[in-house]
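A.B. asks: Chains as they are written, first to last, in full-length UniProt numbering: chain U, 1 to 376; chain V, 1 to 536; chain E, 1 to 406.
Simulated from the structure, these hints should not be mistaken for lab results. Each residue gets a CB set at the ideal place from its N, CA and C atoms; glycine is no exception. Accuracy of the hints is not assured; some may be wrong.
Result set (PhoX-like, lysine-lysine): computed pairs, CA atoms no more than 25 Å apart in a straight line [said to hold, decoys possible]:
#, chain 1, residue 1, chain 2, residue 2
1, V, K509, E, K191
2, U, K269, E, K191
3, V, K119, V, K37
Derived Cβ-Cβ restraints for the label pairs, each shown as a range [unchecked claim]:
#, chain 1, residue 1, chain 2, residue 2, range
4, V, L6, E, C114, 43 to 49 Å
5, E, L179, V, Q198, 44 to 50 Å
6, U, S171, E, G207, 43 to 49 Å
7, U, E204, E, M347, 41 to 47 Å
8, V, E216, E, L179, 53 to 59 Å
9, V, I423, U, S171, 34 to 40 Å
10, U, S263, E, L179, 26 to 32 Å
11, E, I144, V, I493, 36 to 42 Å
12, U, Q352, E, W205, 29 to 35 Å
13, E, W205, V, P497, 58 to 64 Å
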Amino acid sequence: MRHLPKIIILTLIFPLLAGCWDRREIEDRLYVSAIAIDSTEDDDIAEISVQIPIPNQVVGGGGGGQAEGGKGPSGPFELLSGVGKTYSEAMHQIVVSSNDPLFFGNMQVIMISEEQAKKGIERFMDAIKRTSEVRRQLYPIVVKGKAKDALNVKVPSEEIPVNYIRGMLRSGTRNGIFADITLGQLLIDMGLPGCQFPIMNYMEPTEGGYKWDGIAVFKGEKMVGAIQGREDVAGVLQVRTNQKGHVVIVPRKDGMIAFHPYSSKRKIKVNPDGSVVINIGVTGLIQEKTSTDDLSKTEVLQDVSDQVSTIYQKQMKDLVNHSQKELKADVFNLGEYVRAYQPKFYKSINWQEDYPNIPITTKYHVTIHRYGISSD
Amino acid sequence: MKMRKLRFLRDQKRKKILEQQSKKKVEERSENKGVSKNLDENLDFLKNVFGNSTDIITRTFAMKTPEHSTGAVIYIDEMVNKDITHNYILRPLMQEEIQDQTDIWKNIVQKLIEAGEVKEITKMKDVINGILNGDTIFLLEGTTRALVIGTKGWTTRSVGEPRAESVVRGPREGLSETSTFSLAMIRHRFKDPDLRIQSFVIGERTQTAVSLLYVEGLTNEQIVETARNRLKDIKIDGILETGYLEEFLQDQTWTPFPQIQNTERPDSVVAHLLEGRVAILVDGSPHALIAPAVFTQFYNSPEDYYERYLISSFLRLIRLFSFAIALLLPAFYIAFVSFHPELIPDQLSIAMAAGRASVPFPSIVEALLMEGSIEVLREASIRLPGPIGPTIGIVGGLVIGTSAVQAGLVSPAIVIVVGMTTISSYANPSYNAAISIRLLRFPLMIAASILGLFGIMISLMLMILHMVQIRSFGVPYMTPFAPLRWEAVRDAIIRVPWKYMNARPSFLKPQDRYRQKNLSSEEAVKTGRDASNDTK
Amino acid sequence: MTPNNSSQSPQSASSKKVDHRGSLSSYQIYVLIILSIIGAPLLNFPRFVAAEAGADGVWLSVISGLLVTGFVYMVSKLCQRFTGQTFVQFIPEIFETKRMKWIGKGIASLIIICFALYWMNQISFQVRLFSEATNTTLLPKTPIEVTILTLLLASTFASYSRPAVIGMLNEFLFPIILLPFLLQLYVVFKKGEWVHLFPLLQSDWRGLGKGILSNGLGFSGFEVLFLVMGYSQKVEHSAKVSAKAILTTTVLLSSTIIAQYLVFGVDALSKNLWSALDFYKEVRPELLVIERIEAFVLGIWVVIAFIAITNLQFVLVRTICEAFRVKEEQTKYVAWALLPFFYGGAMVSENISDFFTKFQEYSYIGFVFSIVVPIVLFLLAIIRRKKIPSKKKDQKGEENHHATSS
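Chain U on its own, in the form it takes in the complex (with noise of 0.2 Å):
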């Protein structure tokens, strides 16, 4: 019986204690969603809106026997704004409108409307960066237009639109064709001293849904512009994220070839004068044919791979030139190779303003494995 004491002690202790501090019910939090950063006429203001789903009117989730369900005028999430100079400025705001704190646990999305990209990112990846509770699977995307708006879109299949545009994303980045780009992706990407060039999925709200418009490229922490076409994305994360490519047609004699890429590998070879060398490796298959080719013989396999990658070359260079020229940005990431493989190369130049003038040579070497099921 000597423990009795120090037992009825804790016992009494413990319900004290009992919801201390951190204890806040699930439903006493606010979850955050997405939010949505936009720029306001004023260069230093920026509006952030919260979209918050409202539980008890989102399908699915209608608890027991409340009799108060269907959807309220709004839809089934709220949306709040702040304006301020900074991230917590405009947090402060909403807080304050709302009423259970906001919770980012939950975060799927942040959304940053393209002219604010141009002015820069880094103030609010500051901010999300050092709250913990914000996940590091999160897709930041660059959207076309005001980034509110984007969150209001009324998409027929889903009730939040945010889960739209994250199984989007979840199935475009699965798929190779979008740019594998969650937050933990663009820390790392904006972190790397040899990078500086992060990238992002670039977005526009459409009626009724989203369009992926391909890849919105950054110059340190402001954009820059945009890689739209799909064949032009596909090289650059071909590059930058062994993603497997696009589907290249190749036009044969009476009729043309699909090539359908399913894995590519890429080697970057960086000389010690700076000229870089990517090498990459596509494996693939046919996956349609309309000439009568036989694909049966080497040699007609082997021509055909020779013309897919050619094409894919061809692609390519205008690519890199477009990033040398147009963009001056290394959409590649090439810099941290320069940086790793010779980095007294990389001391005695500034990649940001030099990368222009690095030769880069690219080689594609297409391995076609499989044609289908049928045997030519």
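On the provided structure of chain U, position chains V and E as indicated by the hints.
C.D. replies: Relative to chain U, chains V and E alone:
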């Protein structure tokens, strides 16, 4: 220190008083009083000792001897096998004629009494014990000797199926309340002359027979010695169930964890004896105590050894999982809902928020409410008379659960959590270990409600610390994990095929280390099959 | 109360000094050393290496691991000379001369006090570091005092257990703490980039030295072996066991460092205060019920921090008890009496950057101290041919007499 000294003195004093009291009792029962020549004196004495209890039958009769000697048969009604007492003791004594008066005692012992177990005694103490044990006593005028005739035989329950440890595959026989029957069942399965059964009589008043079972030359001497000493040290007025003994035998009192296993299956007893443990049977209880017991043992079912190893391994993993669920799920629910909603998948978290929107309590209150009521329901369903028990259980669970959700008292999620927890705690094969988990759940829930995940982890650490500290008959409780014993690990989380379980658990330090004699010791442990083929 | 349980009479309670020799198996010592070293620093050690050693930290971590392994092997040889004795017992013997016994005692107590202070610093550091991590991620609004006290109460409660219990606790928890290291592989597989490791060999000699030293700091905590070797069952294996333990630790620590370099790159890593947590945030497990694995990892980190702090506290408490010949039953009073010091130590710094700089300075000093002192001891012991003659090994009485007379 002072307190301890005082307590010690008080205990000493108490001990002295107790000793004196018991001495008096024994004196009353006349420790050394022999059987008197005078039959009436003997009968009076017995009458005095038993205080005219009506169930004691004394039959005085005259025998057909030349001198018509008076004899008396004494027994307790319903404790003896009446058939034997009447037909094989009383009838020959009263009907057979004895010609020779001088050798009458010898005649009676050798010719008249037709029962098998006959013992001559001279002490009144033995007479009393004999009567109380269900034997029949024969007293004869003019002799200082008495006969104890073994006629034990009261009505017993027929051998039934063990109810708390039912298996799909395996024997359906359960131990019996009569320890002689139970011992027979064990002997039946374990025909080794080295099986030792040592008897103790424990209980000043109940005089309960307790048997200690071990295997000579296999069981570690030290374990047997510990068991023996601890049994000898018990001074209590009565033992009614193995549970009494368990609390005296266990090493640590202040713990929710059982340190001695109990089973009602004779096959399980034999299996444990073979591993090098000791078993303790108590007359009057259909359970056997198994010691030393380690933690993993409570999660093993005897069936694990009867089914094929893959199935048993899978079932053991399931049990481990259900153990984790039963212990942690409500605590994690509280931690997630009240502290870390970011850990719940986001679609689910919105659904849960919606479910909890109308609940007025914090999650800890909600969980305690539901867990508490399910405990009540569980307890009540045991008490309810047979056929309606399950019905009420279902009705209570379903109706109360559903209407509580509808009334907005609790959220749908907690009903799932509580349901899962309850079901999981039933997956545990041993009842007392399951209860300890049910108990420990509550402190964890409280810890979760104070510090969330951090609180749970810290409490778990303290729990593990406590479990590591426990010993059962000198064996650390968490073996084979701490201290690590590889050959026993293969029979802890999973069960490897019998071929590879050649060594007995080494933490029990058996004198005979290997099970399969034809395998060459160390190699066989490693290579199992190959070695067995070689030797064949 | 039952007669059985109340039989703890005062006579048996005030039993004489309990002998703990031979209460730890080789495996338990192996695990104990690993878990004492790894500890909470794992949370930000890679960041520290990145900041101090730059890109070369990757391979320097392996180098310093090997150096420490060699060093520890040597030092445990020293312990092997004094079978069944903890450093509290054998240090005085190394220094004592026949004429002036007080010299041995004086120098020994100085060394022991230094070690004790170093451990206290380590304990405070780990408690604070871990609580900061917990408060940043799991309990942002809870006062830091609460987390620190909870952790300290739990570890203090554990720290005065018998050595055998501490050994088993370590043994039991060891497999659990290996899980994050497995998960690490998954993260690297998903997110690692080779290019982040380069360029190597960019630092000068001074930088290399600094890198090795800062990497070596990750191994502070190995000093526990001076004490636990005294409890070993097989002292003749101790050198091998401790070297193996340090090697394993090298593998674990270096793999963590390499993994984080691979994912973040040296610059992003050096800027990230809780890099280890962000590391696990980089991936989203597809199959787990929990949305984020970093919570799971943090849960296991509670285990790692708890066991590391417990081990250090245990070693400190036992050292003090042996030095002052405290009775076994009173060990717990020593443990509880020390708690306020750890708490005070942990609360000294007002903000986290002050905390880091302050404690890392102390750690450097302590680490150098714990490297230099054993070397001196080792050399002295060889020169003066001090060792326990093997025939005395089993004669407890004589040995105890020996120890008390010194």
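A.B. asks: Which hint numbers does the structure go against, in order from smallest to largest?
C.D. replies: 1, 7 and 8
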